[in-house]
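**Q** This is what each chain is made of:
Protein chains: 2
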Amino acid sequence: MKTNSIKKLAAQCQQAAPQLATLDSDKKNLILKAMAESLLANRALISQENAKDLRAAEKQKLKNAFIDRLVLNEKRIEEMAKGLEEVADLPDPVGKIVSSWTRPNGLEVAKVRIPLGVIGVIYESRPNVTVDAAGLCFKSGNAVILRGGSEAIHSNKILGKILQDVLKKNQVNPSVVTVVPSTDRKMMVEMLKLSGLIDLIIPRGGEGLMKFVEEHSKIPVVKHDKGVCTVFVDETADIDMAVHIVENGKVQRPGVCNAVENVVVHEKISARFLPPMAAALGARGVELRGDEGTQKILEGIKKATRKDWSTEYLDLILSVKTVASLDEAIDFIRTYGSHHTESIITQNRQNAEKFIRALDSSCVLVNASTRFNDGGQLGLGAEIGISTTKLHAYGPMGLEELTATKFVVHGSGQVRG
Amino acid sequence: MKTNSIKKLAAQCQQAAPQLATLDSDKKNLILKAMAESLLANRALISQENAKDLRAAEKQKLKNAFIDRLVLNEKRIEEMAKGLEEVADLPDPVGKIVSSWTRPNGLEVAKVRIPLGVIGVIYESRPNVTVDAAGLCFKSGNAVILRGGSEAIHSNKILGKILQDVLKKNQVNPSVVTVVPSTDRKMMVEMLKLSGLIDLIIPRGGEGLMKFVEEHSKIPVVKHDKGVCTVFVDETADIDMAVHIVENGKVQRPGVCNAVENVVVHEKISARFLPPMAAALGARGVELRGDEGTQKILEGIKKATRKDWSTEYLDLILSVKTVASLDEAIDFIRTYGSHHTESIITQNRQNAEKFIRALDSSCVLVNASTRFNDGGQLGLGAEIGISTTKLHAYGPMGLEELTATKFVVHGSGQVRG
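Those protein sequence lines, which keep their order, are chains A and B. The numbers in our numbering rise by one with no breaks, and the one at position 83 of the first sequence is 83. The numbers in our numbering rise by one with no breaks, and the one at position 67 of the second sequence is 67.
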């Protein structure tokens, strides 16, 4: 594939977009369900193509955790199909009236949801993203260009082909779901320049990918960046609750962006809170690192460095910091956090309110696990990811967050004086 | 000023932002009113600095229309002051709960408006933008970095100083309103790279500026780009209404982005509509250009070229196109329009609905002038401009559009299973 042919693919995608933007909900849902069926019917074909990616990964001696993310087994294919069915069952955001009002001159004004147009999704090794992102974009009326990682290229191509075949059978231009058939980096740079053809870039992956996309994109980017998430244990915290929430945030799924990386403890409660916390986490194999105040109480743990405070471990490691006040905790989070998710454990309403007001993270919780910063958990339905860009959508992005709004105005001949 | 000192200015602005983000509404309103008073009290000083810009412009033999935009006379200073007072009277978007719900596990979820952080505004010759943009950003809790054009540098600097003096008197860090004291282009490029310090760039100006900003920015950009706006006169249009709306759209203020540039007419009504339209516009000095169908009816008018169809004249020129169907009109607008503002004049409800659904312009009107695509006219209050970027805010941007939302979650110890 030639480098400049990405422009042709994107242009085809853009030309196909208006048909999808005006497709009615029933037709979209029918197609999403047909896509799910077709994935199940093509299990063998998917496994066969996936095996090519797995063999290549083994040859390159990639890590087991990495190879695990690549695998499309029976269970994962069923999950992808189920995901499409769930998206079919969610309400269609397109055409929804967000608000409406009448002006003194009689003009009736409404803000109405419309698709964004063409969305470019750039992601790494998990091939299920191909289907998940295609389903969410399709339901929200957006054409999508999917550019996955080179390790999953055979899997991504067959998944794209299966989805396109369903579109063709249903008289929808298949270009609305376009899998880029090459993973050449130069071509990705070309893709990121197509500001007239692509409306939004969503990068999903590690810091390297985020920086690359930010550096090269002429298209607006909504980043799904790292989460250095903090739990603050206030002096009035319920200790059992605090231990439970920290444990859940660290251990339930350590490899995700809303897992806890830092615990900040008020020094008036640290002597009572830290020992049971250390016991609970120790039993789960978590390594603790702490500041001096923490080391005095939890003797023998490693010292936490400045670097620790801003590291997304994605692993069974937790940094612990003691503070003399809520203000110090807020300053710490502002300095080292990544504006993703923070939780305060407190019985004091005023402290909770202050914590909420002072922090501009995408999700601020009171007495609850950071793991709830998730589209499904917060009630948005399926999500394409968690935006760390304040513009457009901040936090979990569901179907509504994949739309824009336009103004629709009904008049009876009004002109401006 | 050294090129890299823009980074220092932006860092100071970012450090000052949290104080402003949590300032209460009463205090913000008091400061906005004090700013208005101070502008009026400093009329002489403003005029004196403005005169330096005017003398330089005359020396450079800039056009009269250009020089007119630079002038800060008594009336314009009063308008700026009045603008600040109006912004003070608008509701504060910060802290507003957009929506809230309770999850089955008892978590109480709310989406709450927060400031974006630091906004960079890049604009051209009108110095009043300095005050207008500062007022809107301040009220919405955002720190702002204002980078105006070189022609208005003395005016912009004195306006910035007057606003900062009021901030200091009120114990607010003056860096929340920062006027960049240099208009060096290299420094603008540096500014556009500061993605860790600035959250949003709003460029206001001509196509050259838009392209420059899009080319160089590593920061999300919400463009305020040109408007190639169309009125479609459907076969069922009320002819008097259609003439009135086209005339208003073209003549009432031709130099703005929501003025009409193209009229598309259904051929079944063209013979009845075009002669009275030409008469009304001719009386106002408007030059008409048309396709063959139009030239047959309005003999002697100039032929409209492909270039005409996509030109924002900002002048007393109008292009006219005849079509055989609503579908052809929609195709024409999709091909040549700029997705800014379109209006259909029709008595047929179905045609109106089809026109609305098919077009994704930021404002689509039925039987009303395109000139209503404006924050004040649509009821949003003052606007910082009209966004032509679908992301984040599409169409007029008022105070709410200068905010993001975060999720606030209240629990009672919930963890994820």
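What the hints contain is simulated information worked out from the structure, not anything from laboratory work. Check the hints yourself; a few may be wrong.
[What the hints assert, rightly or not] With the Cβ distance kept under 10 Å, some of the chain B side facing chain A (calculated, not the full set):
(1) 282
(2) 343
(3) 405
Keep in mind the model is a prediction, meaning the values are calculated, not measured. Even for Gly, the Cβ is constructed at its ideal location relative to N, Cα and C.
**Q** For every hint, state whether the structure bears it out.
**A** Each hint tested on the structure:
1. 282: Violated. Min distance 18 Å.
2. 343: Interface hint status for residue 343 (chain B): holds (8 Å vs cutoff 10 Å).
3. 405: holds, 6 Å
In terms of the numbered hints stated before, the structure departs from hint 1 and from no other.
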